[in-house]
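Those protein sequences? They're chains A and B, same order as listed.
Mind the numbering: the first sequence is residues 855 to 1043 in our numbering, read in order.
Mind the numbering: the second sequence is residues 39 to 190 in our numbering, read in order.
Just so you know, the hints here were simulated from the structure itself, not pulled from any lab data.
Please read these numbers as outputs of a predicted model, since none were measured by experiment.
Don't take every hint at face value.
Pairs of lysine to any residue residues, derived as SDA-like cross-links and limited to a Cα-Cα distance of at most 25 Å, are as follows [to be verified]: (1) K915/A with F104/B; (2) K40/B with S1021/A; (3) K915/A with L98/B; (4) K924/A with R57/B; (5) K915/A with A109/B; (6) K915/A with E901/A; (7) K40/B with R868/A.
Computed, partial: chain A to chain B, Cβ under 8 Å [stated by the list, open to error]: (8) T867; (9) G872; (10) E903; (11) K915; (12) Y997; (13) E1017.
The beta-carbon is built from N, C-alpha and C at its ideal position, and this holds for glycine as well.
Here are the chains, one letter per residue:
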Amino acid sequence: MAAIADPDQELVTRVARGDPEAMRALVAAKLPRMMALAGRLLGDPVEAEDVAQETLLRAWKQAPRWAPGKARFDTWLHRVALNLCYDRLRRRREIATDAVPEQVDEGAGPDRGLLARDVGLRVDAALQRLPGRQREAIVLCHYQELGNIEAAGLMGVSVEALESLLSRGRRALRAALADLGPGAEGEGR
Amino acid sequence: MKADRFLTIVEAYGADPARWPEAEREAALAYVAETGAAAEALLAEARALDAGLAGHAAPLPDAAAFTRAFAGAEAALATAPRRQGFRRPGLGWAGFRLDRFRLASGAGLMAAACAGVMFGATLTDRLTADAQADAVLYQSTLSGIDDTEVLG
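Can you make the complete structure from the sequences, with help from the hints?
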């Protein structure tokens, strides 16, 4: 099998040699990325930071044994972060009770303008209401911008199954956000 | 590219060609150029959703989160010499003494925890943070997932 090109390889190699500057560069690049992933999957910024920090700690522990060419470092980080998110989601289900409050979608009332914050909250609510696997597919492909083969591999599904999850997820989001229109403000990718 | 495949791609990945499957991107763009308005209508609908999704702000790490991450990384690198022959970065004589103590005791994590007591006020905040992060790192190994799949 051909070796996989990894844009992070040089930095990871330097980290494995104990280079603190490389470590700082990787933290600066990956902490926000892992926090975004966990934040969108868990819907909780505090838990998201916990997951991101633990993911990076495991990365530093593994860095000396990292074998270039087998997988991208970024993909491996996603795998670790996803597993940590799965653990937390599983724990939530285990302690869930009938009294769990539903997330309220306020919709676009007559006096609600399309401020960026409103749009963000609406999208967040819509994302959190998606079935877990659809949300995961959307987060990996749309927000984390992973390739389809990479995302399907991380989710343990075929590319066809991934595309089905993405399509169903986007349909549900389109229905939930139909009133936002193309001119919605907000952050870029 | 056939129409139904283009439809599948746009419904799954949205309007931005950068998100389309790399292997099919060129063919999909050629399809857009060939079919014109029909493809553009599909893209416009997908583009509207993409714009809405772009309004979602992910949580971002604050300065304290970066500080914690740097401290955790330095601590992890600092523990590496015992296992991998790494040099402990930036701790100088204190780091040397700590490493010696760790080697002598054969219990690095305990040593990291005890180091704060032994060296008391002479320890910097940074070294204390290292010891704490060591403990966190140790905890993470106890609940470790199978990281070996893609590792050498």
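To see whether the hints hold, each was checked on the structure:
Taken as a hint, the K915/A and F104/B pair is honoured in the structure, with Cα atoms around 18 Å apart against an allowance of 25 Å. With a CA separation close to 18 Å, the supplied pair K40/B and S1021/A stays within the 25 Å bound. As the CA atoms of K915/A and L98/B are separated by approximately 24 Å, the hinted pair is consistent with the 25 Å bound. Between the alpha carbons of K924/A and R57/B the distance comes to roughly 23 Å, so the proposed pair stays at or under 25 Å and holds.
With a CA separation close to 14 Å, the supplied pair K915/A and A109/B stays within the 25 Å bound. Distance hint between K915/A and E901/A is fulfilled; the C-alpha atoms sit about 21 Å from each other, no more than 25 Å. At most 25 Å may separate the alpha-carbon atoms for a hinted pair to count; K40/B and R868/A exceed this at roughly 47 Å. Checking T867/A against chain B by beta carbon gives a least distance of about 13 Å; that is not within 8 Å, so the hint is violated.
Look at G872/A: its Cβ gets to within about 4 Å of chain B, closer than 8 Å, so that hint holds up. The criterion of a C-beta within 8 Å of any C-beta in chain B is met by E903/A, whose closest approach is roughly 5 Å, and the hint holds. Evaluation of the K915/A hint against chain B yields a held restraint, the C-beta minimum of about 6 Å falling below 8 Å. Among the interface hints, the one on Y997/A holds; its C-beta lies about 7 Å from the nearest C-beta in chain B, closer than the 8 Å criterion.
The restraint placing E1017/A at the interface with chain B holds, with a minimum CB-CB distance near 4 Å, inside the 8 Å limit.
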